[in-house]
Amino acid sequence: MISHPHAPAHESASATHHGHSNGHEAGHGTLKGYLIGFVLSVILTAIPFWLVMGEVFDSKLVTAFFVMGLGVIQIVVHMVYFLHMNPRSEGGWTIMALIFTLVLVGITLAGSLWVMHHLNANMMPMSPEMMKNMP
Amino acid sequence: MASNIQAQDTDKPEFYLTEEHHPEGSTMLGFWLYLMSDCLIFATLFATHGVLGRSYAAGPSPADLFNLPLVAVNTAMLLLSSITYGFAMLQMERNAKTETLFWLGVTGVFGAIFLGLELYEFIHLIHEGAGPTRSAFLSSFFTLVGTHGLHVTFGIIWLITLMVQVSMRGLIPENRRRLMCLSMFWHFLDVIWIGVFSFVYLLGVLG
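Protein chains in written order, with the numbering used here: chain G, 169 to 303; chain V, 26 to 232.
Read the hints as simulated data drawn from the structure, not as lab findings. Treat the hints with care, as some may be off.
To be verified - Covered by chain V, per the in silico footprint, the following chain G stretches (three or more residues, Cβ under 8 Å): (1) 209-218; (2) 224-232; (3) 244-256; (4) 263-272.
Ideal placement from N, C-alpha and C gives every residue a C-beta, glycine not left out.
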């Protein structure tokens, strides 16, 4: 039997858990961290609902800007306090995967909206007669 | 003599795995990559809704249909379930099995309320004649929100499975790993919901 150096350590680690594996795992949260994240999330959720339901701003563009901005901030809060993202977890691979995904998401969203907007803008206007003759 | 046997031993082919202790981190990284791919699915659905979200086909608009107080309650349910899952993880680290199960149960209840309210909203919309076939806007709305709801459904099934596992086997390393994965999945769903209530509901009602 090849000796398995970690086998006995593994048994004891199951009791204390914070043996040798701690450094590899995604970071653990603390009660304080979860509560900070929760309070921030409640505030960041309440403000956009209040802005829209209370019709605080006259300009819809300003309201939309605030709603999306606060949404982005809340996503960052969730990432940090609930998902325990940090640039060092997994030797930096989680953050690399996240950045790569965000680039793809950006291309997907911005590209779709841009291309489809131009398709709409360049579409030939149709009269009801033309609509009737559509296949 | 002894060294001779050892030499023979090393020449033999090994028919069992002698790999190192499975590092905990790789599962987490792999699951994270799955979540990122899931994120791309939602990105395409968000993009679809962004393109089609104003095509009402002379049908009802978001301002006519959406009940923002209901959406606010829904958001609160999902947010509460996120923090209670966090409490479950904290109890898991303290090795408190009963408390972990209690907070997992609370999380499941909040998740179920969220799902119930969403189903109520869907049924209400379909009864009003604003089903997914009514307009391109409603098609993309039902697809996006329905996909999120489907994720929550499977999250709850996973949660119940893990509660049974923990109650039977206790907080063994395997169950801890599974709970960590579900934790990431559950918080990820809350992150997606932030996009849904901001982009679909609030901006939709705003017009």
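> Of the numbered hints stated previously, which ones are contradicted by the structure, given in increasing order?
Replying inline: none
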